[in-house]
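Spelled out from the first residue to the last, the chains are:
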Amino acid sequence: MTREAAKEILSAFRSVEQDGADPAFLEALEVQSRDPEVKKWFEEQNEIDRMLREKLTQISPPEQLHFQILGRIRRERARVLPPAWLALAAVLVIGGLGLIYSLGSFGPNRFREFRRDALAMVSVQPAPKLDMKTPYLSEAKRFLQEHQAPIAQSLPPALKSMSTAGCSAFFWQEHPASLTCFKLPNGQLLHLVVIDQAAIGNGKIPASFQSEQGWHMMFQQKDGLLLMWASQAPMEKLKQMLVET
Amino acid sequence: MPANADLECIVKEFYAPLYRFAFALTRSEAIAADLTQETFLILTRQQAHIRDVTKIKSWLFTTLRREFLRGLRSKTSHPEVELKPEHQEQLVVESAAVQSIDAITILEALAQIDESYRTVLELFYLSDLSYKEIAATLDIPIGTVMSRLSRGKEQLKGTLAKAASPNKTFKSGRAENPKR
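So the protein sequences, as listed, match chains L and B. Residues 259 to 503 (our numbering) are what the first sequence spells out, left to right. Residues 125 to 304 (our numbering) are what the second sequence spells out, left to right.
Isolated chain B, as found in the complex (with noise of 0.2 Å):
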């Protein structure tokens, strides 16, 4: 496991885009910010018994999306509402009209995604993760998050669609916030 000079340089190296997964998570730069900060204390904790280094990016992920997880868990009274497949329209969106969505449109649209493709959407998209690192990090075979990144990608266009055209309506499909 790295030294404490490598420690500083893994938190400068991946803060940002755990950050952005966080809030991707959470849609709130408070507990995203906790978030990070409480999944870097755990690597400061446990590094001892980190013996893989080049996995550190997927422990990363892994631990802050554990901690996110935790902290859902105990607020029982919000159950996360997932938009179903079959109540999706049939959109397409193309790369030019994406060009017009900001970050916050593209997170609300992920948000709407089935949650089994959005975390692996958002894990491709916010971390960089490879197929490999994303089965990892969530503990699914690789050819599951083949199949839910190409379903979840469909999703995605459809709600982009949307979001792109001028009548759109966008509600969360996220579950409130954790309280931590």
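Only chain L is shown next, with the shape it has when bound in the complex (with noise of 0.2 Å):
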């Protein structure tokens, strides 16, 4: 391989992370390795590669645009769903599937799939990801509201004036979700994740506090949303919250 092809071949090449290992690139590797003039054309290519990157790096997106694009993407999907959710309500009568519907064996297993998928999201180390981060209630109920997410209208009284962490709008398998995060007054973080009802089915929620691996959680059914409070401190102290007040 002469001085120039293996100067052309290496043009392409990134970094040795990215393409050290591509076969494409041994022979040019191995011409610069013995030959000190493509060497240092090498060397020196690559520095200014990296520069380039690195100050094109700068060029910062818009700051609203991440939120922009995850709202008009929720806006498409909700006006895209409709016809398909008649089109599977066609298939369930036609197949006679509302029977198995009906019987309830679809919802509990939709239930327990939401349970585990929520529980995995909250109980991140040593926080789960929020889209938004703000003391405030009432901000991340406004960011929620522009991104679609569900919300819960009434909260428990304990709960209206304390400190948020923040909030996330996400999708759980096709249905649009919420998470809110509240501070309790000991530092340990309370997490309410709320879903449209039909997403899960007409399975059975359990009415009790169920405990997980460290995790407390409470589901709520109300006004056709689903709740779930979840939460690593103590018990007693929940339910004094969520329930007795």
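Misleading hints may appear alongside valid ones.
Unchecked claim - Pairs of lysine to aspartate or glutamate, EDC-like flavour, derived with a Cα cap of 20 Å: (1) B:179 / L:277; (2) L:441 / L:494; (3) B:281 / L:375; (4) B:256 / L:375; (5) B:281 / L:302; (6) B:136 / L:432; (7) B:281 / L:295; (8) L:297 / L:285; (9) B:256 / B:176; (10) L:298 / B:176; (11) L:387 / L:375; (12) L:297 / L:321; (13) B:256 / L:285.
Said to hold, decoys possible - Output of the computed footprint for chain B on chain L, the stretches with three or more beta carbons under 8 Å from beta carbons of chain B: (14) 297-309; (15) 317-326.
Said to hold, decoys possible - Pair ranges (Cβ atoms, derived): (16) L:459 / B:193: 43 to 49 Å; (17) B:130 / L:462: 26 to 32 Å; (18) B:228 / L:481: 38 to 44 Å; (19) L:295 / B:267: 22 to 28 Å; (20) L:273 / B:266: 17 to 23 Å; (21) B:228 / L:480: 38 to 44 Å; (22) B:193 / L:461: 48 to 54 Å; (23) B:193 / L:469: 34 to 40 Å; (24) L:400 / B:136: 17 to 23 Å; (25) B:133 / L:420: 25 to 31 Å; (26) L:288 / B:136: 37 to 43 Å.
If you are wondering where the hints come from, they were derived from the structure by calculation, not from laboratory data. Here the structure is a predicted model, which is why all the values come from computation and not from measurement. All C-beta atoms in this analysis are idealised placements derived from N, C-alpha and C, irrespective of residue type, glycine included.
Need the complex rebuilt from these two chains, each delivered in its own frame; the hints are there to steer you.
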């Protein structure tokens, strides 16, 4: 391989981590390892490439672009979903699957899936990823509204004046959902995951508190929504806040 | 194709490099943001038809570029002016000189590069695509990507060398932004 051919191939080389194992570069890399001129050219080119990339990364997208994209995606999904649901409903009726549905064998599985996924999301350490960080519940609610995520309209009185860590809007299996994290006085977090009841089917939702791997959970059904409360705070504390107030 | 949660992960991972690529193409924050949003909307609509998730990155850049060109084609009154290689002075920039140049100056330098080289360079620097992904994005052979990168980088060095010199003058060779 000539010097010029090696240089041409090495012009497409990004980094050892990204392209070091690509066989297309092996021969050209070998040339540069034994030819001082090509080696010098390659090192200089790599340095220029690295600096150009680094500087171009300084071009920042508009602050709200990420959320605007997510918002448009959610609106698009919401626009597209109804026909899909109508089609699904037709299939259910025609296939007689309504019987299975009415027997409740569909609901509990969906519920278990949701419970598993939601718990996995909130139990991320040190804290779940939040789209918006704010101490104000009103701001979190506004964000969720703007992103067309479901919101619990009525909250236990003890939580209404409590600071939040923030919130996220996301989708669970095609259904819009929201996460709001409250900051408890002892520093621990209380997570509220909200999703349309329809996402879970009509399975039985447990009425009592549940515990799993140090997490305490409670489920409520309100205004067509399923609310999942989850925290590592003591069970008694949660009962006080969520049930007894 | 990814589930919804994955779609949001894709947005998070790629919206910034896509925006930078769009900005390099359009030199307009608003149009770049619009192009980026439009690209993800198309992904949302077409996700059921995308079989190979590993190619999602090049699919996104391909789609954004196609949307940009579609907008550009609709605006025929501003033909693109290319700076031919023979018109350029053979200056060579050194890495130390690049250190003093900012991102906008680099974009201006890229805009002066011959169009066929420029797009390959923009994908190389702004999207961090591999030469194979660039080939797939532009639908050109791998060897063509390598030779364009090689020649394009030489042109860019010459343009940056002029930019780094005190009496630099830049004239954008990029076509005007497509009205969208």
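Violations among the numbered hints = Hints 3, 4, 10, 12, 18, 21, 23 contradicted; others consistent.
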